[in-house]
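Participant: Taken in sequence, the protein lines are chains A and B. The first sequence runs 594 to 882 under the working numbering. The second sequence runs 4 to 269 under the working numbering.
Treat the hints as calculated values from the structure; they're not laboratory data. Heads up, a few of these hints could be off.
What the hints assert, rightly or not - Label-pair distances were calculated between CB atoms; the ranges are:
no., chain 1, residue 1, chain 2, residue 2, range
1, A, Gln676, B, Thr171, 19 to 29 Å
2, B, Ala256, A, Thr604, 22 to 32 Å
3, B, Ala256, A, Gly728, 18 to 28 Å
Because the structure is a prediction, the values reported are computed rather than measured. Backbone N, C-alpha and C fix where the C-beta goes; we use that ideal spot for every residue, glycine too.
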Amino acid sequence: MDIQITGLRRTFGKVTALDGLDLTVPGGMYGLLGTNGAGKTTLMRVLAGVLPPTAGTVRVGGHDLATRTGRLAVQRRLGYLPQDLGLYPDLSAREFLDYVGLLKGLDDTAARRRQIGELLDMVGLADAAPRKLRGFSGGMRRRVGIAQALLGDPALVVVDEPTAGLDPEERIRFRTLLATIAAGRTVLLSTHIVEDVAQTCRDTAVMTRGRVVFNGPVADIVQRAEGVTWELVGQGPPPATGVVVSAVSRPDGTHYRLVSSARPDPRAVPVQPSLEEGYVALMHAGANG
Amino acid sequence: MTTLRQTWAVTRYEFRMQIRKRSLWITTATLAVVLTFSQGDRGPRHLPPGTPPREVMASWALLMALLLPIGFGMVLADRLTRDRRLGLASLLESLPIGRGALVAGKYLGGLTSTAVPAALVLLIAAAGETAHRHDPALFAWAAVAFVLVTLPGLAFVAAFALVCPLLTTAPLFRALFVGYWFWGNMLNPDLFPSLTGTLLTPLGDYPATWLMGERALYAGADGWLQFLRPEPGGAAAVAAIALLLALSIPPLALASPLLRRRNLSA
Ligand SMILES: Nc1ncnc2c1ncn2[C@@H]1O[C@H](COP(=O)(O)OP(=O)(O)OP(=O)(O)O)[C@@H](O)[C@H]1O
Ligand SMILES: [Mg+2]
Numbered sequence: 594m595d596i597q598i599t600g601l602r603r604t605f606g607k608v609t610a611l612d613g614l615d616l617t618v619p620g621g622m623y624g625l626l627g628t629n630g631a632g633k634t635t636l637m638r639v640l641a642g643v644l645p646p647t648a649g650t651v652r653v654g655g656h657d658l659a660t661r662t663g664r665l666a667v668q669r670r671l672g673y674l675p676q677d678l679g680l681y682p683d684l685s686a687r688e689f690l691d692y693v694g695l696l697k698g699l700d701d702t703a704a705r706r707r708q709i710g711e712l713l714d715m716v717g718l719a720d721a722a723p724r725k726l727r728g729f730s731g732g733m734r735r736r737v738g739i740a741q742a743l744l745g746d747p748a749l750v751v752v753d754e755p756t757a758g759l760d761p762e763e764r765i766r767f768r769t770l771l772a773t774i775a776a777g778r779t780v781l782l783s784t785h786i787v788e789d790v791a792q793t794c795r796d797t798a799v800m801t802r803g804r805v806v807f808n809g810p811v812a813d814i815v816q817r818a819e820g821v822t823w824e825l826v827g828q829g830p831p832p833a834t835g836v837v838v839s840a841v842s843r844p845d846g847t848h849y850r851l852v853s854s855a856r857p858d859p860r861a862v863p864v865q866p867s868l869e870e871g872y873v874a875l876m877h878a879g880a881n882g
Numbered sequence: 004m005t006t007l008r009q010t011w012a013v014t015r016y017e018f019r020m021q022i023r024k025r026s027l028w029i030t031t032a033t034l035a036v037v038l039t040f041s042q043g044d045r046g047p048r049h050l051p052p053g054t055p056p057r058e059v060m061a062s063w064a065l066l067m068a069l070l071l072p073i074g075f076g077m078v079l080a081d082r083l084t085r086d087r088r089l090g091l092a093s094l095l096e097s098l099p100i101g102r103g104a105l106v107a108g109k110y111l112g113g114l115t116s117t118a119v120p121a122a123l124v125l126l127i128a129a130a131g132e133t134a135h136r137h138d139p140a141l142f143a144w145a146a147v148a149f150v151l152v153t154l155p156g157l158a159f160v161a162a163f164a165l166v167c168p169l170l171t172t173a174p175l176f177r178a179l180f181v182g183y184w185f186w187g188n189m190l191n192p193d194l195f196p197s198l199t200g201t202l203l204t205p206l207g208d209y210p211a212t213w214l215m216g217e218r219a220l221y222a223g224a225d226g227w228l229q230f231l232r233p234e235p236g237g238a239a240a241v242a243a244i245a246l247l248l249a250l251s252i253p254p255l256a257l258a259s260p261l262l263r264r265r266n267l268s269a
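Working from the sequences, and respecting the hints, build out all of it.
Facilitator: Printed below as a string of structure tokens:
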């Protein structure tokens, strides 16, 4: 299901969380990068039909989210993993999935059980299935979260920072899992972690302050930092201009890498930027522009 | 059809989660034991041999209704608010299920989960009475007393316990609820204007009075709002039950918009 958003605004009192956002997501796995408070969660809640927009139109698979029928049509084909999803502590993983499956309208008991079994296998929770959720670790809870999102074979999967707080190995497993399920559907993945997007998504959008400031192939983000990324070896504190992306102490001094539109120091040399530096350059251009 | 199936699903799972709560069983057992051993001379244990089983079991139902619903109100007070506390509100809002079905399911699940221990207590009481009264009809009358005396009050308490915490908070509701319970059910209407003895007592005073053939507590006693204090009897008992059930509807109807408002401000 493709997503078409035009002029989307959402305010909370005086706070503008989404500020006239335009975005088209064709299909496949799509990244959504942005700083804290950029509006990623708000956008995802709107897409999930949880929050009504203040203004603008959102169409998912041709259905208008402003109408009740449109919203229901989208919700029937939606898998949503909210940021900070909680679980019922007194249910087992299997029971929780059964409950969500029933609410999604999977009424055929045998088919529902079969699907739950497959999903539990897929997320590596088959052995833990009969255990109460209260005893699950953060990573296990996240896997229950993605399993519930995938129930009912949704055409659109919206996952809000699924890798936050996971150890590196678990994070890699998780994003690979997401990439495998993206075949034949739309997966919208929000994250702060540039690397997660780089490893799984061909295209991504970058948000700051309720707007999309970049939309396109992940590789193009790197270009944003070309000519503005510098390396500098120094003994003292970092230079005052620019954003320091990394600082590594070595015997000959501290190696700084920084993003700055002007040469930050006479000794600084221009270098080939990384994806992260591209992202920083982008955020900075967005913040200044 | 879908709505009905979803309501049924919520009912089943709410029931399952609630019935597993240790606090539900501990509260019920503690209150039931306290009531059984502290009942005065008017209590069912002191009814003379030969008392009709109808009166014995109605008396038990009334005795248990003095305090058990307080415990049930406490236990049910977080059923609608806890989804947000646990971090499940967004997920539930994103599912293709109406808030009406969700509220109805939570209500029915919560109600049945408290009805089970309440019924169990009456069954145990009937078993205890059978041991020395030797009348199997006690079990049948336990069922009747449960349906007429206990259940309507539970339906009423469950509705308010579910919805009121959306307006206040669960702890504040719990405190207010205890105050209400004594004022609206047991405070002598002679002493102070109260709902005690009116058709609006969830305690089951009118139905119990009808089954027992004598005034159970204060049903029909003179006091405030005299028009709500008809002479006890079959018709008055039916009216009391119907009123309690009818009064359960407005809070439930309010639950959907209240829940919506609360989740949006999340
Ligand atoms: N329910 C709400 N009430 C008030 N303000 C809100 C609400 N939800 C979001 N906001 C505000 O809207 C802005 C965007 O928040 P949002 O949660 O969408 O950002 P985010 O990109 O998901 O951030 P993070 O990366 O920290 O999760 C923030 O300024 C936030 O304070
Ligand atoms: Mg967020």
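Participant: Indicate, hint by hint, whether the structure satisfies it.
Facilitator: Here's how the hints hold up against the structure:
1. At roughly 28 Å, the beta-carbon separation of A/Gln676 and B/Thr171 lies within the given 19 to 29 Å, and the hint holds.
2. One distance hint, 22 to 32 Å for the beta-carbon pair B/Ala256 and A/Thr604, holds here, with the actual separation near 30 Å.
3. The hinted range of 18 to 28 Å is not satisfied by B/Ala256 and A/Gly728, whose Cβ atoms lie roughly 39 Å apart.
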